[in-house]
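K.L.:
The chain contents come next:
Number of protein chains: 2
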Amino acid sequence: MHTHDLIRELREANGSKIVLVVADGLGGLPLTPGGKTELETAVRPNLDAAARDGVVGLSVPVLPGITPGSGPGHLGLFGYDPLEHRIGRGILEALGIGFAVGPNDVCIRGNFCTLDAEGKISDRRAGRPTTERCIEVVNKLRSITVPGVEVFVEPVKEHRFVLVFRGDGLGDAVNDTDPQAVGVPPLAPNGNDAASRRTAEVVSQFIAKASAVLKTESPTNGLTLRGFAKQPKIATMQELYGLRSAAIAVYPMYKGLARLVGMDVLDAGQTLNDQVERLAKVWGDYDFFFLHYKYTDSTGEDGNFPAKVQMIEKFDAAIPAMRALKPDVFIVTGDHSTPSKMKSHSWHPVPTLLVADTCRTDAVTEFSESSCLFGGLGRFEAKHLMLLAMAHAGRLGKYGA
Amino acid sequence: MHTHDLIRELREANGSKIVLVVADGLGGLPLTPGGKTELETAVRPNLDAAARDGVVGLSVPVLPGITPGSGPGHLGLFGYDPLEHRIGRGILEALGIGFAVGPNDVCIRGNFCTLDAEGKISDRRAGRPTTERCIEVVNKLRSITVPGVEVFVEPVKEHRFVLVFRGDGLGDAVNDTDPQAVGVPPLAPNGNDAASRRTAEVVSQFIAKASAVLKTESPTNGLTLRGFAKQPKIATMQELYGLRSAAIAVYPMYKGLARLVGMDVLDAGQTLNDQVERLAKVWGDYDFFFLHYKYTDSTGEDGNFPAKVQMIEKFDAAIPAMRALKPDVFIVTGDHSTPSKMKSHSWHPVPTLLVADTCRTDAVTEFSESSCLFGGLGRFEAKHLMLLAMAHAGRLGKYGA
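Sequences listed follow chains A and B, in order. Heads up: the first sequence begins at 10 in our numbering, then just goes up one per residue. Heads up: the second sequence begins at 10 in our numbering, then just goes up one per residue.
In short, the hints are calculated from the structure, not lab data. Hints are not guaranteed to be accurate.
Remember, identical chains collapse to one label, so a pair may be satisfied in a single copy or spanning two.
30 Å max Cα-Cα, derived DSS-like pairs, lysine-lysine [to be verified]: (1) LYS407 - LYS242; (2) LYS129 - LYS218; (3) LYS26 - LYS350; (4) LYS26 - LYS149; (5) LYS45 - LYS26; (6) LYS218 - LYS166; (7) LYS149 - LYS407; (8) LYS224 - LYS335; (9) LYS129 - LYS242; (10) LYS26 - LYS352; (11) LYS352 - LYS303.
Start from the sequences and build out the full structure, keeping to the hints where you can.
P.N.:
Structure follows, in structure tokens:
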């Protein structure tokens with residue numbers, strides 16, 4: 010029996026409120042063996058207090074050793090098996106720039122490249138144009154039309170752009186045109202089924218017209234496409250859990266991921282304080298709140314240990330205002346670890362705390378990687394966190410008599 | 010590969026003996042955060058000694074956050090995936106009153122209700138009749154016959170009764186006739202496949218005759234039916250593990266669950282001492298013994314913390330007599346937690362201990378929720394406990410060369 014069928018069968022509505030706070034890339038590593046992680050270094054009285062009041066543990070985002078991107082990392086936290094529900098690269102790219110993806114859209118990541126006189130790729134990133142230049146070239150491509158579909162071209166950064174085809178009956182089983190090599194021409198798009206052949210045909214037309222436009226734009230005189238993807242078919246949080254769900258996130262990617270599972274995406278302002286204010290204002294309107302904090306990840310990606318420590322301390326300071334709303338279930342976790350030492354996402358389990366009246370409190374008095382190892386939640390798969398949230402919220406009935 | 014196929018392939022017979030003692034609803038919660046659970050409060054020298062001699066851990070009955078009923082809780086402990094093998098409500102109701110369910114039986118939970126002059130339900134529980142009255146009305150229904158099948162009507166309690174149709178080719182995919190509402194008449198039974206349409210036809214005949222009998226019995230002048238269920242097709246413990254298995258349980262529900270997996274259900278007397286005496290008497294006749302203790306659950310359900318503590322202490326006192334029989338594998342666990350604080354079953358992991366010569370003993374010296382967190386068995390799914398039991402009994406050969 011699929012866990013989601015079980016949830017649909019057992020779920021109950023009771024007016025309780027769940028707050029899931031995701032500090033992106035929360036988990037870290039010590040810079041030297043035996044040292045302290047970013048979280049352990051931070052002064053974090055409020056996270057420690059929550060750890061004392063509740064129960065802690067370590068979340069495994071996907072599987073031991075598997076480093077997730079933001080997509081799988083968040084899907085897991087929302088209770089969707091990240092190995093079962095895949096979000097294609099094109100979709101993530103589109104979500105990342107805040108493009109409102111629809112059910113009939115095929116989203117594609119595009120790269121400008123430089124083609125030589127024979128049409129072979131000489132630079133896969135077209136000499137890394139400035140983002141201003143990217144916008145300029147994209148604007149020229151926007152004049153292209155393809156009969157029967159809507160075409161959207163959106164700049165991302167440097168040589169990167171997003172291409173979206175909107176229309177009935179478009180499939181996404183189309184190969185990348187990027188050969189991932191120089192000295193060869195871009196590949197032709199081919200569809201793997203009838204609907205995807207239709208997409209390939211549309212894409213071919215677009216590429217032909219784009220080639221004409223770009224001809225005189227050297228070094229950005231060519232393009233490659235990859236990650237053809239439609240939105241995955243996924244039950245909404247409302248359908249699955251019966252929760253009226255709201256996302257309070259500042260960055261487009263996380264708003265997009267929340268929209269994908271049917272959350273209402275609220276105006277979150279620009280700062281954590283804005284987000285907490287929004288949370289308080291809409292408290293009566295929803296059952297489930299997803300609050301996303303970005304800077305624990307971005308400072309980790311930068312390899313800036315002290316900055317990540319500082320961002321954790323800033324995050325810590327916002328905790329009391331959230332708890333003051335008295336959520337029935339209050340959860341703090343991350344979608345993955347982002348150790349400054351690695352300057353990247355990692356697979357390491359993520360410190361997690363849960364506060365609720367029905368907690369079997371543990372002896373842990375601090376919120377850190379090393380203390381969570383001894384917490385009552387143990388080590389669990391991220392996809393099971395929502396089961397615990399629902400249970401502690403009194404929203405899951407008994408299975409079997 | 011299904012775990013059960015693996016077991017069948019690897020299992021070996023060696024005359025060793027396994028005792029599985031289930032203290033129903035064993036796990037608990039502190040009444041106040043940071044306090045002690047029922048088990049932690051109890052004086053339990055013998056459980057602690059067993060914890061010291063063996064290895065402990067925490068059993069997750071189904072999945073994190075999922076609260077099991079007795080059926081799934083015990084199936085898991087017997088090594089059957091509770092999400093794969095479902096026991097219908099009608100079956101559980103029949104097992105609960107000690108009805109000897111057979112393979113051709115469709116079991117149904119019945120409720121007496123009150124119908125108004127138009128045949129609409131005005132009280133779904135018929136004013137909660139006394140159990141004596143329930144027995145009286147059930148006795149009148151026992152005169153009803155339906156050609157081609159045997160009919161059994163058994164009183165349960167107040168407005169509840171069990172209805173069983175025994176006959177070849179009866180299916181159980183029949184809708185509840187209980188509309189779960191007042192002001193509407195009971196629904197007609199409809200079958201979802203040929204065999205279930207046959208059942209629906211039989212049930213319709215029964216209802217017509219019952220209506221005539223009940224007409225003058227207001228307020229118990231109607232009935233609704235739900236949870237149509239046949240016995241699940243399930244391998245016996247003998248077939249699966251090659252274990253001659255015996256159940257020593259006092260309450261009908263647990264005898265019934267044991268019968269479902271093919272255990273011999275022995276006369277267990279009325280008390281824990283009776284049960285232990287029975288265990289000693291039949292020691293030579295079986296390989297596997299399931300001993301069930303109810304009162305840790307019932308006191309938890311009552312929300313009576315001190316009574317649950319007392320029942321744990323009583324349970325503790327019976328441990329030495331069981332261990333004196335020198336089982337090769339001695340296990341104490343629960344089918345789920347029943348915290349007095351919640352007055353209900355819960356999803357919290359269950360303290361578990363296992364004593365055998367092959368234990369990798371841990372540093373844990375007490376048997377409690379908090380100490381089991383640090384035990385050598387870690388946190389495991391209940392359905393894997395029998396694998397450990399078989400392994401420690403020397404009854405599982407090597408997988409692969």
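K.L.:
Pop the pair LYS407 and LYS242 into one bin, within, between, both or neither, using alpha-carbon distances up to 30 Å.
P.N.:
Both, since 29 Å and 23 Å are each at most 30 Å.
K.L.:
Is it within, between, both, or neither for LYS224 and LYS335, if the alpha carbons may be no more than 30 Å apart?
P.N.:
This pair counts as neither: shortest intra-copy Cα distance 61 Å, inter-copy 53 Å.
K.L.:
Could you place LYS149 and LYS407 in one of the four classes (within, between, both, neither) given a Cα distance threshold of 30 Å?
P.N.:
Neither: 59 Å inside a copy, 34 Å across copies.
K.L.:
When no copy is specified for LYS352 and LYS303, does a C-alpha distance of 30 Å or less occur within a copy, between copies, both, or neither?
P.N.:
within (15 Å within a copy, 41 Å between copies)
K.L.:
Evaluate LYS218 and LYS166 at a C-alpha cut-off of 30 Å and name the case that applies: within, between, both or neither.
P.N.:
within (22 Å within a copy, 78 Å between copies)
K.L.:
Are the CA atoms of LYS26 and LYS352 at most 30 Å apart within a copy, between copies, both, or neither?
P.N.:
between (35 Å within a copy, 22 Å between copies)
K.L.:
Go through the copies and call it for LYS26 and LYS149: within, between, both or neither, with a Cα cutoff of 30 Å.
P.N.:
Neither, since 48 Å and 50 Å both go past 30 Å.
K.L.:
Which holds for LYS26 with LYS350 at a C-alpha limit of 30 Å: within a copy, between copies, both or neither?
P.N.:
Classified as between: cross-chain Cα gap 20 Å, same-chain 37 Å, threshold 30 Å.
K.L.:
Given identical chains, is LYS129 near LYS218, meaning Cα to Cα at most 30 Å, within a copy, between copies, both, or neither?
P.N.:
Within one copy only: 18 Å inside, 70 Å across.
K.L.:
When no copy is specified for LYS129 and LYS242, does a C-alpha distance of 30 Å or less occur within a copy, between copies, both, or neither?
P.N.:
Classified as neither: same-chain Cα gap 38 Å, cross-chain 42 Å, threshold 30 Å.
K.L.:
For LYS45 vs LYS26, is the C-alpha pair at or below 30 Å within one copy, between two copies, both, or neither?
P.N.:
between (34 Å within a copy, 27 Å between copies)
Hint compliance for this structure: hints 4, 7, 8, 9 are broken, all remaining hints hold.
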